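Following the hints, complete the assembly by docking chain B with the ligand onto the known chain A.
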Amino acid sequence: MNHDAYPDDYIRQILSDVKTIAMVGASPVNVRPSHFVFKYLAQRGYDMIPVNPGQVGKNLLGKPFVASLADIGRPVDMIDIFRNSDHIMPVVDEALKLVPLPKVIWMQLGGRDDAAAAKAEAAGLKVVMNRCPKIEYGRLSSEISWMGVNSRTLSSKRAPVPTQGMRLSLNRMSVGGGETAASDRAAKNKNEPS
Amino acid sequence: MTDRLPGFATLAVHAGAQPDPTTGARATPIYQTTSFVFNDADHAASLFGLQAFGNIYTRIGNPTNAVLEERVAALEGGTAALAVASGHAAQLVVLQQLLTPGDEIVAARKLYGGSMNQFTHAFKSFGWNVAWADPDDIGSFERAVTPRTRAIFIESIANPAGSITDIEAISAVARKAGVPLIVDNTLATPYLIRPIDHGADIVVHSLTKFLGGHGNSLGGIIVDAGTFDWSKDNKYPMLSEPRPEYHGIKIQETFGNFAFAIACRVLGLRDLGPALSPFNAFLILTGIETLPLRMQKHCENARAVAEFLSGHSAVASVSYAGLAGDKYNNLARKYAPKGAGAVFTFSLKGGYDAGVNLVSNLKLFSHLANVGDTRSLVIHPASTTHSQLDDAAKIQSGAGPDVVRLSVGIEDKEDLIADLQQALSTS
Ligand SMILES: Cc1ncc(COP(=O)(O)O)c(C=O)c1O
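Those protein sequences? They're chains A and B, same order as listed. Just so you know, we're using my numbering here: the first sequence kicks off at 1 and counts up by one. Just so you know, we're using my numbering here: the second sequence kicks off at 1 and counts up by one.
Okay, chain A solo, but in the shape it has when bound (with noise of 0.2 angstroms):
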């Protein structure tokens, strides 16, 4: 998988079959991102549960935090590891141990670790590196499109109210084969020296 520039399909795929989701470095303080990125996926259905070995004995949004990956005692589709490139290869080995493993590796937006992503992939996982899921979900359902933000998507359909716990389709006409020039660019300025 070219890690720099991902098809919408592929991503459409991944947010469409996982179920089960398991945020590393989910944060009990409201103002994180990564607390409303789990509110924001726990709105739209998903089964998540918050992993921090910091929090145990306390809950987010009523689910509770549980101190690794092994802790969970339940099969996970999708371990989303919101935590720095250099904490996020520990994180991939504990996965890569889990009975039966995770479909998908997560690394949230900032997170890029292709060595570990190459070591997920051999396994058979899929990876996804530097995005956030809810902006992913936001711009395939076209939920995001209130603040601006091209979804690179089209539809003709009516598109229902969400409400609580709804999944939204993403099943919209994608607008380019996936990411657009401006950010194949982006991606190919940050690896050049300039």
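Simulated from the structure, these hints should not be mistaken for laboratory data. What you were told as hints is all true, and nothing was included just to trick you.
Straight-line C-alpha distance at most 16 angstroms; calculated EDC-like pairs for lysine to aspartate or glutamate: (1) 157/A / 20/B; (2) 39/A / 42/B; (3) 297/B / 414/B; (4) 157/A / 143/A.
Computed from a prediction, not measured in an experiment: that's the story for all the values here.
Below, chain B with the ligand without anything else, positioned relative to chain A:
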């Protein structure tokens, strides 16, 4: 798994718009409301903290305006956009995110006179300084860059003379300097030129002109290309540092490749206040649906009028980049192969007086200070839009005393030529 790419005309009609969730209305409704009810206290707090998708108050965002924003972002190939009250407001909001007192921008000397005014006088009182460079001499941009430079600003097709700017060459200067390139794409529209494809990091428009296209609504827009890394050094604290007004969130960290558009909304528009009326957004959206058709006709007519003028004995010269042999024809072929736009200048052998006479003898062209209307427009820049500049600056920006500017409309071109013919013969 390859997605099919919809074309420009499809995006011009559809991008951002969807049948209304509650009524099924197919045209985009005008949400003529100041504010939006919250579901409960928690929802309100989430919206204010930038944690949830949704509307609060029309100064910050409005569903009609959001359709316009997504449409222009899609047409320009950007990640997000923010609509504001005018083109000038767009420039103000963009620079407020990038500059602190004592910082500088490098701007092309060939710009709309009002922009030169805004940069020279209004922004000076904020402590924002401008260094002018010559778009015909790329080295002059490089020489103007200093450690306080925070952006480079150019027009893709420059007002008034319709000259074409070498966007790629200037984008290379911006990259080397580590600053974003801002391109005012008003006169080209994304139908003729997409500056992001050529290295622009931010695109601004006066929607008042060809995008709205009917001379009925002021508006402006800012498009984020999603290409600039705002956190690389400490030059752009609005984007890279924790924001106290939003519980310490960092805008780039939270919003990724559309962080600039969000900063413009939640820091710029929210605090400076130049919001676009939803009614204007509706009129501009309706205009954009026919943008490809109108631009084709504008360019076809402009070319015919320019050819007619260059053969007329009273005319000293025509500056239209679409004409073979024009100084900017090579750049026009590269950047605007579909047409060199519809705003250009020509000069009269009879000088200032002949210009004034021509303007008063025209019967179909309207004498007014605007461009990009369905109607054909004429003005004498030296006595109006560029009158604040001194003589040297007037000539440098292409608005010398003998120069007349046209914005060619979408009427029958034979009628436009006949009007110019009669006015030139009575001048
Ligand atoms: C190229 C260009 N940029 C910006 C503006 C300013 O736009 P507005 O009048 O919408 O503020 C104009 C207006 O003439 C223009 O021609």
